[in-house]
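Colleague: For reference, the chains in residue letters:
Number of protein chains: 2
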Amino acid sequence: MSAVVEPTPFPTAVDGSILTARGAATRARLLEAAEAVFAEHGWEQASIVKITERALVSQGTFYRYWESKQAIFDDLVEDLNRRVRRAMAEGAARGANRAEAERYGFEGFFRFTAEHPALYRVIRQAEFASPDALRHHYEKIAEGYVEALETAMGRGEVVAADPELIAYALMGIGELVGMRWILWAGTKKVPDDLVDQLMEFIQRGLGIER
Amino acid sequence: MSAVVEPTPFPTAVDGSILTARGAATRARLLEAAEAVFAEHGWEQASIVKITERALVSQGTFYRYWESKQAIFDDLVEDLNRRVRRAMAEGAARGANRAEAERYGFEGFFRFTAEHPALYRVIRQAEFASPDALRHHYEKIAEGYVEALETAMGRGEVVAADPELIAYALMGIGELVGMRWILWAGTKKVPDDLVDQLMEFIQRGLGIER
Numbered sequence: 051m052s053a054v055v056e057p058t059p060f061p062t063a064v065d066g067s068i069l070t071a072r073g074a075a076t077r078a079r080l081l082e083a084a085e086a087v088f089a090e091h092g093w094e095q096a097s098i099v100k101i102t103e104r105a106l107v108s109q110g111t112f113y114r115y116w117e118s119k120q121a122i123f124d125d126l127v128e129d130l131n132r133r134v135r136r137a138m139a140e141g142a143a144r145g146a147n148r149a150e151a152e153r154y155g156f157e158g159f160f161r162f163t164a165e166h167p168a169l170y171r172v173i174r175q176a177e178f179a180s181p182d183a184l185r186h187h188y189e190k191i192a193e194g195y196v197e198a199l200e201t202a203m204g205r206g207e208v209v210a211a212d213p214e215l216i217a218y219a220l221m222g223i224g225e226l227v228g229m230r231w232i233l234w235a236g237t238k239k240v241p242d243d244l245v246d247q248l249m250e251f252i253q254r255g256l257g258i259e260r
Numbered sequence: 051m052s053a054v055v056e057p058t059p060f061p062t063a064v065d066g067s068i069l070t071a072r073g074a075a076t077r078a079r080l081l082e083a084a085e086a087v088f089a090e091h092g093w094e095q096a097s098i099v100k101i102t103e104r105a106l107v108s109q110g111t112f113y114r115y116w117e118s119k120q121a122i123f124d125d126l127v128e129d130l131n132r133r134v135r136r137a138m139a140e141g142a143a144r145g146a147n148r149a150e151a152e153r154y155g156f157e158g159f160f161r162f163t164a165e166h167p168a169l170y171r172v173i174r175q176a177e178f179a180s181p182d183a184l185r186h187h188y189e190k191i192a193e194g195y196v197e198a199l200e201t202a203m204g205r206g207e208v209v210a211a212d213p214e215l216i217a218y219a220l221m222g223i224g225e226l227v228g229m230r231w232i233l234w235a236g237t238k239k240v241p242d243d244l245v246d247q248l249m250e251f252i253q254r255g256l257g258i259e260r
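Going down the list, the sequences are from chains A and B. In this text, residue positions in the first sequence follow the numbering used here: the first is 51, and each later residue adds one. In this text, residue positions in the second sequence follow the numbering used here: the first is 51, and each later residue adds one.
If we strip away everything but chain A, and leave its shape as in the complex, we get (with noise of 0.2 Å):
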């Protein structure tokens, strides 16, 4: 992952108009209220009033950024999506290399979902209360991830393959990884021989020579 992140766009009010710097941190404090409640509540016991109590401002405030539920719900996940295909890129920027890329990419990754184990219930639920919403969310990580390998293959510092298949398998390996080793493990964390284990086998399959 090496992509550049398209930058967060200005945070709007429901009539379109640009927030105060006030209002952007009100709106931003209910997202994080909202990551919260959908993760411990689900879809469908989630409600507006338990997020509003949760953020600790009035239902009005509330509808001046979002007309419901499932809008704020849609944004929640654009937002986890934005930050955590950021977390990667930064990560993979650092790497001077396709091999440290994927590892600093993959860290990046591991971080982020030990910052917000909400990630993995939010986008599930998605399943059923926003389906379009999960496809865009793997698309967008898929679509920075075949770039750089379309790069590393161009340079052939990678076996040539189908990057959007590449991609998925990827995403794939982190995906299960972190949730063993991140949401079940007490540790919360992979531990670093198991990252190195893990490179090792992306690196083979990759065809990257070390």
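To be clear, the hints were calculated from the coordinates, so they are not data collected in a lab. Treat the hints loosely; a few may be bogus.
Going by beta-carbon spacing under 7 Å, a handful of chain A positions derived as facing chain B [unchecked claim]:
id: 1; residue: Glu90
id: 2; residue: Gly92
id: 3; residue: Glu177
id: 4; residue: Phe251
id: 5; residue: Gly255
Positions of the beta carbon are idealized from the N, C-alpha and C atoms, including for glycine.
Following the hints, put chain B in place on chain A, whose structure we already have.
Modeller: Coordinates of chain B only, in the frame set by chain A:
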């Protein structure tokens, strides 16, 4: 994947009594209906009424087999889990070596996914409906994989590494590639040339000599 999958237990009634052939058939029809209802409506909106209407049996009949929506959901996850593992193991067993076992195991998984697209939706809603069932699902699949990988590592067919790590990596690859090319694509199938490329990636990753 080549571990032996345990036989399907004799289906029983709520009181623990073994069912007649006809009772077992009714129970199977209810499970099939539940698969469709949970996939279509999701955990919250799914109901015993919807399941019995779809299976064309009375509600009283439902309660001979399960006590609640939760109970049939948990049985459904276990049933899908056993069947997907069997599809993978039967595929893998046809392989003459680790490379073939891996290929046929993946093909078994992809075929099962095409026939049971509900698998993903049911497992994802288990995140909330039955978190233990979700974890159990992955752990059972990993178990069989670990066994097969340990054997292959012992024989030097595969590079030595933490077998559980490699198992989750391979499961992740299957899950996201299946999502992208079976659930999302109109073809409902991972194209043969992509399966070829995927197997090359995996074989290189595992360090399988070809």
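Colleague: Would you mind marking each hint as holding or not holding in the structure?
Modeller: Now the hints, each set against the structure:
no. : hint   : in the structure
1   : Glu90  : violated, 10 Å
2   : Gly92  : holds, 4 Å
3   : Glu177 : holds, 5 Å
4   : Phe251 : holds, 5 Å
5   : Gly255 : holds, 3 Å
Of the numbered hints given earlier, the model fails hint 1 alone.
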